[in-house]
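Novice: Sequence:
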Amino acid sequence: MDNLLLLTDSYKVSHWAQYPPGTETVYSYFESRGGKYDEVCFFGLQYFLKRYLAGEVVTEARIDEAAAYYEGHFPPGFEFNRKGWEHIVDEHKGRLPLTIKAVPEGTVVGVKNVLMTVENTDPKCFWLTNYVETLLVQVWHAMTVCTHSREQKKVIAAYLAETGDVGGLGFKLHDFGFRGVSSVESAGTGACAHLVNFLGTDTVAGLVVAREYYGCRTAGFSIPASEHSTITAWGRADEAKALENMLDAYPTGLVACVSDSYDVFKACSEIWGETLRSKVLGREGTLVVRPDSGEPCATSLKCLELLYEKFGGPLVRVGRLEVPSLGVVVVGRPTRRRHDGRGDGLPVGSKKYSNRVSSTTRRRRRTPARHLRARRRDGFIRAGQVNEKGYKVLDPHVRLIWGDGIDYQALCTICATLKANGWSLDNIAFGSGGGLLQKLNRDTQKCAFKCSSITVGGQDRDVFKDPVTDPGKASKRGRLALVADSEGSYVTKTACPREGVPGDVLVEVFRDGTLLVDQSFDDVRARAAIPDPSTLPLLGGVAGAPPQQIEVLYGTVEQIDGL
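Going by full-length UniProt numbering, 516 is the number at position 516 of the sequence shown; the sequence numbering is gapless.
Some clues are possibly wrong.
[Claimed, not checked] List of simulated lysine to aspartate or glutamate pairs, DMTMM-like, C-alpha gap at most 20 Å:
1. Lys439 - Asp485
2. Lys50 - Glu39
3. Lys302 - Asp395
4. Lys446 - Glu39
5. Lys154 - Glu185
[What the hints assert, rightly or not] Beta-carbon label-pair distances, calculated as ranges:
6. Gly434 - Glu274: 23 to 29 Å
7. Ala529 - Pro20: 42 to 48 Å
8. Glu86 - Pro502: 28 to 34 Å
9. Ala526 - Glu274: 23 to 29 Å
10. Ala17 - Ile223: 53 to 59 Å
11. Gly434 - Ala529: 41 to 47 Å
12. Ile223 - Val501: 47 to 53 Å
13. Ala526 - Arg211: 24 to 30 Å
These are computed hints drawn from the structure, not numbers from a lab. Each residue gets a CB set at the ideal place from its N, CA and C atoms; glycine is no exception.
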């Protein structure tokens, strides 16, 4: 599918004969008219320019091929615009007489603003501008994925800033989407768009697009990881051996292992947490446990709690425990003695005490403002590992990745639920497949390409649509410019003079078959950078009702003692 003459909608093949007599130029633009997000991160145009429009793209052979298709496709007597295409071959050596301006890729622009303009440079090719609409509008996919990915990055960044360390942000949302998209090309452009914001991907096609079309040698990274076939091939009885084999095959570095082939909770608590615990803790690297089924919030929370039992801080029965890294001393005191025959209690020497346990947290020098204190049904006190922000963290040898059913809303809910239950987002990464690359369409951001100006007989005319049945589809009129207002936000100027207006950020990137600007992936990433994570809102609602018994409480000493 490399013949440009065939990369259009059928009805556009007839449009050359429908414009007013004397038409010389057609000027059109591309925008996001609104949608799910109130701003978009423009990306993907350079791929289409290099892949389909640059160089000699019209030849006699391609004209003949198109004519043969259209002869059978349209009714008898339909006139294919052979003369128009042959004019491009004869006068322009097969190169497209178009000029295209666009915002630099990676630029974040509010919706309802011009992002790209297209205009013919040869008066005899006025029909060409909107002929390429079909192809150019496909930038919607990469742009929407890039926007979608960036919005999720903002969510993760906000929760990391609140509960952990933003240093690992680049690897917190991993692309699992290759098998979930409609084509290899959409996998490549979509995955590349995700890599504008993140560094983790399993969609190799995205690496190819980033290297071949944006000059980035290695845009994304991955790690060794198992799938269900490599675990279930060992059989249920030897699941522990299958998991151990992952540790043996990859003795250092990160390794991810799917752990829900049979019973993910048993895998977390017994196999990883007991049978293989010493081997996990002895590795020079991190094991990433992957549950892949179940309700996301409940399952991920339970897996974290089970892993925390085995890879978190120690339990304290009575006495004194110092946690030097936190500067905290946790003291457990039995509240009353249990007499023989009155039930089980906590053993202290030869005596048993009530399960009702009180505890105090005494400050030491440079003690964090928040302390961990856990009340358990069995009366134990856990002085678990928490970070300086007071949120629970697993031993660095163990982490979790959740990659089932992740989209924007699910991500927000999981992040909010983890925080509400005292977990740092440092413990978990996310994988997203169809929710990242496929669960969207052109209307997600209401992308549209419309003519706004034509020149007829040397006179410019503003062109627009304003349907009474849908004001939201009204289009802009005249020549356009994109400028920054006094607050730094972009606004579109309409009905601009041909010579342009000062401050227009639209840059000519293509003229007469030649790419004028070759944007690097590093520059795109820099433009797409998110705001300071500490300024971003914490989005999402907590899943599930609050537990009847709160097991982990955070707060200052005074706040805890008052409970």
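Novice: Can you list which hints this structure breaks, lowest number first?
Specialist: 1, 2, 5, 6, 8, 9, 11 and 13
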